[in-house]
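Undergrad: Sequence:
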Amino acid sequence: MPRYSVSESIFIVRTYYSNNNSPIVTQIKFATEFKLTTTGPSVSTINRLIQKFERTGSVCDDMFGNVGRALSVKTPEKIERTRQVSERSPRTSISKAAQQEGIKLESVRQIVLADLQLFPYKIQIHQRSVEQRLEFANTIVEMIDNDQFGVNMLWCSDEAHFHLDGYANRQN
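The sequence shown: position 54 = 54 (the UniProt record's numbering), numbered continuously.
Don't read these hints as lab results, they were simulated from the structure.
As the structure is a computational prediction, the values presented were derived from the model and not from experiment.
Where hints are given, some of them may not hold.
To be verified - Straight-line distance between alpha carbons at most 30 Å, and here's what the computed DSS-like set of lysine-lysine pairs gives:
no. : residue 1 : residue 2
1   : K52       : K78
2   : K96       : K78
3   : K35       : K74
4   : K74       : K104
5   : K52       : K29
6   : K35       : K52
Please work from the sequences and hints to get the whole structure.
TA: If you want it as structure tokens, here you go:
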């Protein structure tokens, strides 16, 4: 159904009721009134407009303001339930939390990011302090000098896991 202006919709409704509820006559009169080369609105369009007028009492576009994606169903209860799930078990994935709470996955994702402001991150290995590292290095050097520590026993991997097939996992 093409969008008709409010004045065109009013003309359709008035013509329909003034001509014994005839959509065909309404179609013809609409085409002559607005100087169309075609027959005007289809019979189904006229019938839908009349049904809408009888249902709502208006010919205005009832889709106004409803453009775009539907709003999320984020309610305070769902936000609180999601907060409780994340506090109870912080390692629970978003999909598991959505399944447990019976909420759509995308809604839980929006709640976690926007409302709870929780963000996924990779746990990084940090050395505690420069002093501790320096003390450890000096202790090892001292042990090597006193032959208390065998250098051939030292294995440095630069925090990567090496597999026998040649794959090196540097994501740790």
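Undergrad: Between K35 and K52, does the CA-CA distance stay at or below 30 Å?
TA: 25 Å, holds
Undergrad: Keeping to a limit of 30 Å between CA atoms, is the pair of K74 and K104 held or broken?
TA: 10 Å, holds
Undergrad: Could you grab the alpha-carbon distance between K35 and K74 and see if it respects the 30 Å cut-off?
TA: 50 Å, violated
Undergrad: Given the hint that K96 pairs with K78, test it: the Cα-Cα distance must not exceed 30 Å.
TA: Within the cut-off at roughly 15 Å; holds.
Undergrad: For the pair supplied as a hint, K52 and K78, is the alpha-carbon distance within the 30 Å limit?
TA: 35 Å, violated
Undergrad: Can the restraint linking K52 and K29 be considered satisfied, given a maximum Cα separation of 30 Å?
TA: Roughly 21 Å between the alpha carbons, so the hint for K52 and K29 holds.
Of the hints listed earlier, those the structure fails to meet are numbers 1, 3, in rising order.
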